[in-house]
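Undergrad: With the sequences and hints as input, model every part of the structure.
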Amino acid sequence: MVADPKTEIIGPAPPTADAGPTAIQSENGPWKGYRQLLLARLTELKREPEVIFWVFVFPILLALGLGIAFRDKPAEISRVVVVAGPQAARAMSLLKASPSSRSIRADVLPSADALNRLRLGKYDLAVIPEADGRFRYRYDPARPESVLARAAVDDALEAAAGRKNVLITSSEASSEPGARYIDFLIPGMLGMNLLNSGMWGIGFALVDMRQRKLLKRFVATPMRRSHFLLALASSRLVLMLIDLVLLLGFGVLAFHMRVMGSWVSILVIAALGAFTFGGVGLLTASRAQKIEAVSGLINLVVMPMWIFSGVFFSYERFPAVVQPLIKALPLTALNDALRATILEGASLPAQAARLLVLCFWGILSYVLALRWFRWT
Amino acid sequence: MQTNEVAVRCRHLRKTYDGKVEAIRGLDLEILAGECFGLLGPNGAGKTTTIEILEGLLEPTSGDVEILGKSWIAHGRELREVLGISLQETRLAEKLTVRETLDLFASFYRRPRLTAEVMAEMALTEKSEAWVGKLSGGQRQRLAVAASLVANPKILFLDEPTTGLDPQSRRQLWEIVRQFQGRGGTVVLTTHYMDEAERLCDRIAIIDHGLTIASGTPTELIERLGGHHWVEFDATHNGSIALDTWHSLPGVEAVHEVEGRVVLSVREPHQTIPALLAALQARGSQLLHLTTRQASLEDVFVRLTGRHLRED
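Chains U and R are the protein sequences, given in the same order. The numbers in this note's numbering rise by one with no breaks, and the one at position 248 of the first sequence is 248. The numbers in this note's numbering rise by one with no breaks, and the one at position 287 of the second sequence is 287.
By construction, these hints were calculated from the structure, which means they are not laboratory data. Keep in mind that the hints are not guaranteed to be accurate.
[Said to hold, decoys possible] Stretch by stretch, here's where chain U covers chain R in the computed footprint (C-beta under 8 Å, at least three residues):
#1 73-83
#2 104-113
[What the hints assert, rightly or not] If you anchor each label on the Cβ, the simulated ranges turn out as follows:
#3 U:42 / R:136: 25 to 31 Å
#4 U:54 / R:167: 42 to 48 Å
#5 R:20 / U:350: 54 to 60 Å
#6 R:43 / U:42: 56 to 62 Å
#7 U:364 / R:73: 27 to 33 Å
Being a predicted model, the structure only gives us computed values, none of them experimental. Quick reminder that beta carbons are idealized off the backbone N, C-alpha and C, glycines included.
TA: Following this line, the structure appears as structure tokens:
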């Protein structure tokens, strides 16, 4: 139904002001859109205090907390209670006279009290002197420190009582950087951060923009879609660089961690990780319309990898049957590659299998994501 | 600035969602370069679906769309360069400033306008360094339109540009649309406000249930109802008098009853009203209520559909 194209303006008169020609900017180059998108994204991130906290501060706090909690303690001190009785004083003086007296702390308590405290774990071992001069040990074989205390006290008492050692031995303490928990942890945190960054920084951000109809608004312009995705990925790459320097720098400065591999290899592996998880994030976000939906999906992807991929503890603890599955996960490959490079100084070619696993997941994700991705 | 060049044309447009819901059921439009064309209709009539198909953001199930004589399939990128689009409720990035947002949108076009000039035109210069999240509703809407104007478009598509705005912000937006039109631009907008359509649009298509039920200039549409004015009255003994009686009064073109009151559609109220009063007096009935008003597009809509525009 086409009406007669008659022209008539109802209401106030047509405009008078500002109807002149408009000023035009000089022509934009083909990469102008990409540069402006990246700039806008970084500006936005900079103004988001939550991003600064979760991306930069939180991993360092977590590493600090775990590093302190599981730090290598000085030689363990055994806590021993001696049950009061006529022979208690003899036990105490023997312990004091023994060569290992500094690693044993002993108290004398009445029988009921002593056994109760042993049961509660306040003491690792109870020494019960018998009337005939023998000593009876009471300990909990399920507690390593209890077993240790039994051996230490037995050794101390025997030595103090005049046992002759038939073999001359000596020992030295070894707690080298590279074998401690913090050394294991920092590369794992780096891997986990790359995963989180791809999933939340790309996956979540995209669905948020889709829900706000911002994606639709962008595709209503001549913006190149590839530039948009590239800018989003580049912004994460910038964050990744800062993260890498912060976390490794923190390990080196605060825990005297030693970086054995080359920084170039580490960078290449981290960038590959960022690329892969960017793809997984994109795939996760390809269809979801609501941020609630994508949050669920992200947790579904992230949770198993947090548990199985050896972020906080070695995945070797899982049964042998599932090991091949665990090794096929992208985060496992990334963590293993980072650890081998940072802690053992492994070269890139030596990591080929792990890097291939990463590439496989990355390429698969991008192919599927670009096929399924919805802009509106 | 108007020529007879066609800016937007669509034929036999259909859109079916999920193979079931028919949002548009065969729509034809022809929008001329330089005019302001309004798609008027209640919520859910298919206005947004229509405008998004015209904007190339939705694929029609069937039918053709031509923008400036070109199709979306063959000339998509080229068309994007010359269209300015403002969607219904886009929430732009809250933590970018007005200037940053406009610079970003300008960067997508080969030859955009100067952002400073667009800000001045949209009365946003004062807010240029303010975060989008801190803007008022009216300012946000002006920014949304500004983001489409930096493109230096030939055609401006506005989907419900003034929904939820206060009267002053609405007027400001109307002024912006007129300015754009004054520079020779073509405007296509959707609205469910009749006053907006009446005052702003050169031509209108009234859409309901996915079909154009009427189109033309606002005056044409109102005239087609058979009168410019309505005289509505209530009197004692009204019920006992046949409605047809009122037809014989001078200038009456149509008579109907709405909620117990008689409504006359008249050309010249100053001829009809004295005759009406005389007729009532002659019958010995007393006037209880009398109002007259100009017919509006709302009346056109009610007449065509039996429903009000704003009822859902």
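Undergrad: Look at each hint and say if it fits the structure.
TA: Consistency of the hints with the structure:
With a cut-off of 8 Å between beta carbons, the region 73-83 of chain R has 4 residues touching chain U; three or more are needed, and the interface restraint holds. Residues of the region 104-113 of chain R lying with their CB closer than 8 Å to a CB of chain U number 10, which satisfies the three-residue condition for coverage. The hinted range of 25 to 31 Å is satisfied by residue 42 (chain U) and residue 136 (chain R), whose Cβ atoms lie roughly 27 Å apart. Against the hinted window of 42 to 48 Å, the Cβ-Cβ separation of residue 54 (chain U) and residue 167 (chain R) comes to about 44 Å, which satisfies the hint.
Remark: the range hint 54 to 60 Å for residue 20 (chain R) to residue 350 (chain U) is upheld by a beta-carbon distance near 58 Å. Hint check: residue 43 (chain R) to residue 42 (chain U), Cβ distance near 39 Å, so the stated range 56 to 62 Å is violated. A hinted range of 27 to 33 Å holds for the C-beta pair residue 364 (chain U) and residue 73 (chain R), which are about 31 Å apart.
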